[in-house]
Amino acid sequence: VLLGARWAVAVLTVAALSYAGLFLGHAPLPALDQDLGDSVHAAFVSRLRLRGLYVAFIVSSAVVVSFVTRVKAELSRRERDLIDERNRQASSEKIEALVTLAAGAAHELATPLSTIAVVAGELESELVERHGQDDEVLEDLRLLRREVVRCRDILDQMAGRAGETAGEGFERCTVGELLERVIEPLHERGRLYLACPSGVAERPLRAPIRALKRALRGLVKNALEASEPYGKVSVVVSERNGFLGFDITDSGPGMDQDVLARAGNPFFTTKAPGQGMGLGLYLTRSVIERLGGSLEIESELGRGTKAQVRLPLPSDGETIPAMEENHDGRQ
Numbered sequence: 037v038l039l040g041a042r043w044a045v046a047v048l049t050v051a052a053l054s055y056a057g058l059f060l061g062h063a064p065l066p067a068l069d070q071d072l073g074d075s076v077h078a079a080f081v082s083r084l085r086l087r088g089l090y091v092a093f094i095v096s097s098a099v100v101v102s103f104v105t106r107v108k109a110e111l112s113r114r115e116r117d118l119i120d121e122r123n124r125q126a127s128s129e130k131i132e133a134l135v136t137l138a139a140g141a142a143h144e145l146a147t148p149l150s151t152i153a154v155v156a157g158e159l160e161s162e163l164v165e166r167h168g169q170d171d172e173v174l175e176d177l178r179l180l181r182r183e184v185v186r187c188r189d190i191l192d193q194m195a196g197r198a199g200e201t202a203g204e205g206f207e208r209c210t211v212g213e214l215l216e217r218v219i220e221p222l223h224e225r226g227r228l229y230l231a232c233p234s235g236v237a238e239r240p241l242r243a244p245i246r247a248l249k250r251a252l253r254g255l256v257k258n259a260l261e262a263s264e265p266y267g268k269v270s271v272v273v274s275e276r277n278g279f280l281g282f283d284i285t286d287s288g289p290g291m292d293q294d295v296l297a298r299a300g301n302p303f304f305t306t307k308a309p310g311q312g313m314g315l316g317l318y319l320t321r322s323v324i325e326r327l328g329g330s331l332e333i334e335s336e337l338g339r340g341t342k343a344q345v346r347l348p349l350p351s352d353g354e355t356i357p358a359m360e361e362n363h364d365g366r367q
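Residue numbers for the sequence shown follow my numbering, so the first one is 37 and each next one is one higher.
Check each hint, because a few of them may be wrong.
Claimed, not checked - Computed list of lysine-lysine pairs in DSSO-like fashion (alpha-carbon distance at most 27 angstroms, straight line):
| no. | residue 1 | residue 2 |
| --- | --- | --- |
| 1 | K257 | K130 |
| 2 | K257 | K268 |
| 3 | K268 | K130 |
No lab work stands behind these hints: they were computed from the structure.
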């Protein structure tokens, strides 16, 4: 049970060869020879019995090795499935906690933020009426109002993005239409190099399209932001071995191994303060894994970063397999 399949076969082969070696070199026992006598028939029966024992040994050993190996492989597969399920459950719990946190924060902070915005507006109006133009103070008040609006936008984004990944209905579209929805709102489409064969572009899909397009768009936006202002970003779509692939490669500075290991953790970001919340890659990975796919990030300092998305495709339908039974978008 402790040996792998190759080692088990190797041990069986050595045992079979060792057993066969007894036919070529062995020490006869006179007592057995006397019992058998000199009969030719008895000698033939003895040889036949020994060969039968050898064949029985080989067959029974092969059956035992095959059975134990299959049982071990099945147990290993079930263990991996349990680990994957626990990981998915933990990820779902994190998202639910994030949704709860964002909704609670938005609810609790909505009133004080609105109060601050109203008071700042009244102070601005009163300052203009009573004291004329004081550009420095007015600019400070306007900055205060802008920051309040930004705080509310961040809370809305947290609640909206996290809630969108938690549940969504199904839509139908082709791979080409999905790709167009991903890049349509981007202002820097001219920097994108798109490669999607016509056969792949016409492939029908039935999936939570809004969450999927937001996840893919986040990867494309990250690649554009990481690249130089005029640097190119390639988006290559392919279909291979039953999987739909999106390879997004930027021309940025890349990441070292420490940063790469932390990429995807909640609230971790390499962007400047105020430019990101550190949730995009985490939610993207969550959406893709809920669909039964995978997200791999490859990066090296000075050589850019490549995001590889793989989504399983059904052989006889449109629905992404991992979501086939969850028509309300939930796990």
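Right, here's what the structure says about each hint:
Restraint check: the Cα-Cα separation between K257 and K130 comes to about 24 angstroms, which is no more than 27 angstroms; the hinted pair holds. Straight-line distance between C-alpha atoms of K257 and K268 comes to about 12 angstroms, which keeps the hinted pair within the 27 angstroms bound. The straight-line distance between the Cα atoms of K268 and K130 is roughly 35 angstroms, outside the 27 angstroms bound, and the hint therefore fails.
Hint compliance for this structure: hint 3 alone is broken.
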